[in-house]
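**Q** Residue strings, one per chain:
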Amino acid sequence: MSDNKPKVAFYWCASCGGCEEAVVDLNEGLLDVAAAVDIVLWPVALDFKYSDVEALRDGDIAVAFVNGAIRTDEQAHIARLLRRKAGLIVAFGSCAHTGGIPGLANLTTKEKIFETSYLKSPTVDNPEKTIPVTKTTVDGVDATLPGFWTQVHTLDQLIDVDYYLPGCPPMPNSIVDAVTAILEGKLPPKGAVIGSKKALCDTCTRTKPVKPTLHERFYLPHEIDVDPEVCFLEQGVICCGPATRGGCGEKCIQGNMPCTGCYGTLDGVTDQGAKLVSAIAAYIDGDSAIEVKKAVATILDPAGTFYRYGVPASQLFKKEAMEVTK
Amino acid sequence: MAEVKLLTFVCNWCSYGGADQAGGLKIEYPSGVRLVKVMCSGRVDPQLILQGFRKGADGVLVLGCHPGDCHYKSGNYSAQKRMLLLEPLLAQFGIESDRFQLNWVSAGEGERFGKVVNEMYNKVAALGPLKLTDSAVKEETA
Amino acid sequence: MRTIVIDPITRLEGHGKISIFLNDAGNVEKALFQVPELRGFEAFTLGRPAVDMPQITSRICGVCPTTHHMASTKALDDLYGVEPTPAAKAIRELVNSAFICEDHTLHFYILAGADFVVGPDAPAALRNILGVISKVGAENGAYVIEMRKKIRKIIEMCAGKPVHPVFGLPGGVSKRVTEEMRKEFQQISKEAVEFAKFTLKIFHDAVLGNKDYVSLITGDVYYHETNHMGMIDANGKVNLYDGNVRVVDPTGQEVVTYAPRDYHKIIGEHVEDWTYIKFPFLREKGWQGFVDGKDSGVYRVAPLARLNVSTGMATPRAQAEYEKMYATLGGQVSNHTLANHWARLIELMYCAERMVELSDAPELTFDETRNMNFQTPAEGVGIVEAPRGTLIHHYQTDEKGMMTGCNLIVATVSNAAIICMGIEKAAKKLIRDGNVDDGLLNMVEMTFRSYDPCLSCATHALGQTPLKVEFVEPSGEIRHIVTRR
Ligand code: SF4
Ligand code: SF4
Ligand code: SF4
Ligand code: FES
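In order, the protein sequences belong to chains A, B and C.
Residue numbers for the first sequence, in my numbering: 731 to 1056.
Residue numbers for the second sequence, in my numbering: 96 to 237.
Residue numbers for the third sequence, in my numbering: 9 to 493.
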């Protein structure tokens, strides 16, 4: 492998594997990427030990792409290690960027998760009320499990992140754009999301009125027969398009379903959910508080709808005082 | 009762006048009440409210002109829609509805200003300081 | 005591880890298969609208998101008391078949196939897709990649996103199929059948043509007498999308056939404190521990189990191959774990043939993709066959359709007990007197790989499941022995 090729690392933390599928979906494009860089770390593809990475000089890796949220000590360790060894850290996909769907767990508690899974499920048969523990012995041998954190965290809550690649998962075109920008050194300012600056609505081709038509109530996608030509919000179905970064190719809209916001929010927005509150509120009819309340009550799960991919990144979860490894 | 901070947005055209008059009338309210003047209640973006909580407010109060009196016609109605939509959202994050209110105070209502602010402050003080989530660093065992 | 840790850092709703404990004589004392992660989907989905579940639960696994989406959507049908329209059924089953086709392909060529095509004890550097390609030729390698891409296109065109689909709604799907789309699907489906033939030929030549492999498959190391579970249609044939679920014992005797709604009467889940994964078992037989035999509650799922519970395949080419397999293995039921690979390829053929049937079906392009005659929701169960076995989603809601209860039994969870047992048995047979080498360890790993426990991620394309082997001396000192690249 040639030395002048940039060294690249891929790593996943609490990830579903969909981000890796997205990389594989580059198909032939993957070969181009593989030819342009020197992949030094890809745990599933290559043997990986901490010591291999530790042996590298600090900053030796040009770019590390990290997907998945942070949930365990092990993930935190590796994230920190990569921060030391890599010139650039790119948070890859919604989970690393904003916490992702597994981040919805922050709306419940660790105790409830254990209770639901091991004690209360309709199939569980557990008269002794056994609960997995981090250290135990089985037939005389010691077995350990990593501890389970109480919260899901975004990557940048733990380490300093240089760039973000949004999406659950990022679409192949977004991946190619980002990798090209990095390889060609055409990088936006540090801390930027690499992607479109426009809202999804700006490129969505569904017809929408100049001024929103006001609704007395909202619908879940199954409750109405959606017109595939007309804006979802216009039909009273919550669509996250107005506050979501474009660039995915309107994938869900193409599937005749509303956007759920996986590309995260726009530059300059401090809170995705709060931004959506403003956007959606504009579609509510009535000046009387009672009427408005009625309409609002038809949005059954505002937190899960407006922060589907971003509970851990919301202002209400962010910890500004968090110690960041530079 | 605990010392708390009540972030209070007042609109330039009505509520600020109300606060001013309250001052003139020497109506007392706790030092924990922090006033922020905005042009209109309709300019209070929900992002600001969340940032307020994040930066240490234990309660957020938004004051605007009475319905029909907004200088920009419908700013207070917009504010109302957002607030009513924000409320159930905050509840899901465990933020009690008493920490969060929209109310109307006109320029001539110094006394009303005092009453609204004091009542709200007392409710928030009864709930005590708002605790948002802990950081990851503390969770580490290794 | 010394410990060997095989830590493949692979996804299985997170990572999976195998630890093998040796006694002082260097023989295997105990082997553990641990799942060190828990994400709590059953808990954090409570309070969300049930109709969001197909999209939320697909994030359980990015390798088989389509299957979760499908099981979830079927649970919504049941929850809202609606029968999907004929068009919806055809579209869903087409997507499901395409998905399994693609996933089985990936598994054979990229993960497990390497063990056979290249050889189970071949040098690690060759035991991967590159090795497979060098064996079958680069041209054929490109063919595999091209086919995978085409089959995935069907999913994307019907379901919205390629990785996490969005099209599932109670009683239907969000998007209809046009005649133009049909033409493309027909073309791809025909190619898929050719591709399945090609793949079976490789299997026959490279594996069945080799006496050593056949004796490996039919030998004792990978043999376990357990119950088997899988879905069947009204004629008792394998069905991956819809039907009742049948359970047979190791001899092929029926234990029970149940409707999805009754799953919880049939299956119980045992909890151990050393792993986050639960161990499902047949309630009728009870949890007897990690043991073989007719009386054990342990059951397994995945392709071989599906074929074992069925009376055959519903399509001609797959049926012919089915007959060939049982003729070779003997009997109506096979307890040879490695036969999963053959069964998987029979299913690959079945899915390809089914894609042809569905892309020709008139109802595929009907306008009505949704039935909206909803009943008040309360409870719903959806079962499909994932590439890796029976997948169960069970929801309870209030009358507004908001989740109040959620239970998920994922295929790999159903196989957790047998994977533990298989690993221990293989380890005991293969590791003797402290002799541990790479090939042996791979053969231990083959047992769990045969179930494809959700680690068939295509990123294996560039290498091999990494394997870290450590001997921990009684002093606690770790001596590094074998690493595999
Ligand atoms: S961002 Fe989405 S696709 Fe990527 S790991 Fe997270 S859930 Fe999976
Ligand atoms: S709200 Fe949704 S449907 Fe409407 S224009 Fe925006 S992206 Fe398109
Ligand atoms: S439409 Fe929205 S949710 Fe769908 S892929 Fe695009 S950004 Fe993500
Ligand atoms: S100016 Fe007072 S609320 Fe608009």
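In short, the hints are calculated from the structure, not lab data.
Keep in mind that a hint or two might mislead.
As the list claims (entries may be wrong) - Here are the simulated DSS-like cross-link-like pairs (lysine-lysine), alpha carbons at most 27 Å apart as the crow flies:
| # | chain 1 | residue 1 | chain 2 | residue 2 |
| --- | --- | --- | --- | --- |
| 1 | A | Lys928 | A | Lys938 |
| 2 | C | Lys273 | A | Lys850 |
| 3 | A | Lys941 | B | Lys168 |
| 4 | A | Lys941 | A | Lys928 |
| 5 | A | Lys840 | B | Lys168 |
| 6 | B | Lys150 | A | Lys840 |
| 7 | C | Lys293 | C | Lys273 |
| 8 | B | Lys218 | A | Lys920 |
| 9 | A | Lys840 | A | Lys850 |
| 10 | C | Lys97 | C | Lys219 |
| 11 | B | Lys150 | A | Lys1024 |
| 12 | C | Lys158 | C | Lys209 |
| 13 | C | Lys38 | A | Lys865 |
| 14 | C | Lys302 | C | Lys245 |
| 15 | C | Lys157 | C | Lys198 |
| 16 | C | Lys408 | A | Lys1023 |
| 17 | A | Lys859 | C | Lys273 |
| 18 | C | Lys408 | A | Lys842 |
| 19 | C | Lys332 | C | Lys219 |
The model shown is predicted, which means the values in this text are computed figures rather than measured ones.
**Q** A separate judgement is required for each hint: does it hold in the structure or not?
**A** How the hints compare with the structure:
At roughly 17 Å between alpha-carbon atoms, Lys928 of chain A and Lys938 of chain A fall within 27 Å of each other, so this suggested pair holds. For the hint pairing Lys273 of chain C with Lys850 of chain A, the CA-to-CA distance comes to about 15 Å; that is within 27 Å, so the pair holds. Distance check on the hinted pair: Lys941 of chain A and Lys168 of chain B sit about 17 Å apart at the alpha-carbon level, within 27 Å; holds. Taken as a hint, the Lys941 of chain A and Lys928 of chain A pair is honoured in the structure, with Cα atoms around 19 Å apart against an allowance of 27 Å.
For the hint pairing Lys840 of chain A with Lys168 of chain B, the CA-to-CA distance comes to about 48 Å; that exceeds 27 Å, so the pair is violated. For the suggested pair Lys150 of chain B and Lys840 of chain A, the alpha carbons sit about 26 Å apart, so the restraint of at most 27 Å is met. Between Lys293 of chain C and Lys273 of chain C the CA atoms are separated by roughly 12 Å; this keeps the pair inside 27 Å, and the hint holds. Among the hinted pairs, Lys218 of chain B with Lys920 of chain A is inconsistent with the structure: their alpha-carbon atoms are about 43 Å apart, more than 27 Å.
Using a Cα cut-off of 27 Å, the hinted pair Lys840 of chain A and Lys850 of chain A holds, with the two alpha carbons roughly 14 Å apart. A threshold of 27 Å between alpha carbons decides the hint, and for Lys97 of chain C with Lys219 of chain C the separation of about 44 Å lies outside it, so the pair is violated. For a cut-off of 27 Å, the pair hint linking Lys150 of chain B to Lys1024 of chain A is broken: about 32 Å separates their Cα positions. Restraint check for Lys158 of chain C and Lys209 of chain C: satisfied, since their Cα atoms lie roughly 21 Å apart, inside the 27 Å limit.
A C-alpha spacing of about 17 Å is found between Lys38 of chain C and Lys865 of chain A, which places the hinted pair at or below 27 Å, so the restraint holds. About 23 Å separates the Cα atoms of Lys302 of chain C and Lys245 of chain C, which keeps this hinted pair within 27 Å; it holds. As the CA atoms of Lys157 of chain C and Lys198 of chain C are separated by approximately 15 Å, the hinted pair is consistent with the 27 Å bound. The straight-line distance between the Cα atoms of Lys408 of chain C and Lys1023 of chain A is roughly 17 Å, inside the 27 Å bound, and the hint therefore holds.
For the proposed pair Lys859 of chain A and Lys273 of chain C, the alpha carbon gap of about 20 Å is at most 27 Å, so the pair holds. For the proposed pair Lys408 of chain C and Lys842 of chain A, the alpha carbon gap of about 23 Å is at most 27 Å, so the pair holds. Between Lys332 of chain C and Lys219 of chain C, the direct Cα distance comes to roughly 16 Å. Compliance with the 27 Å bound is thereby established for this hinted pair.
Going down the numbered hints, you'll see the structure goes against 5, 8, 10 and 11, while the others check out.
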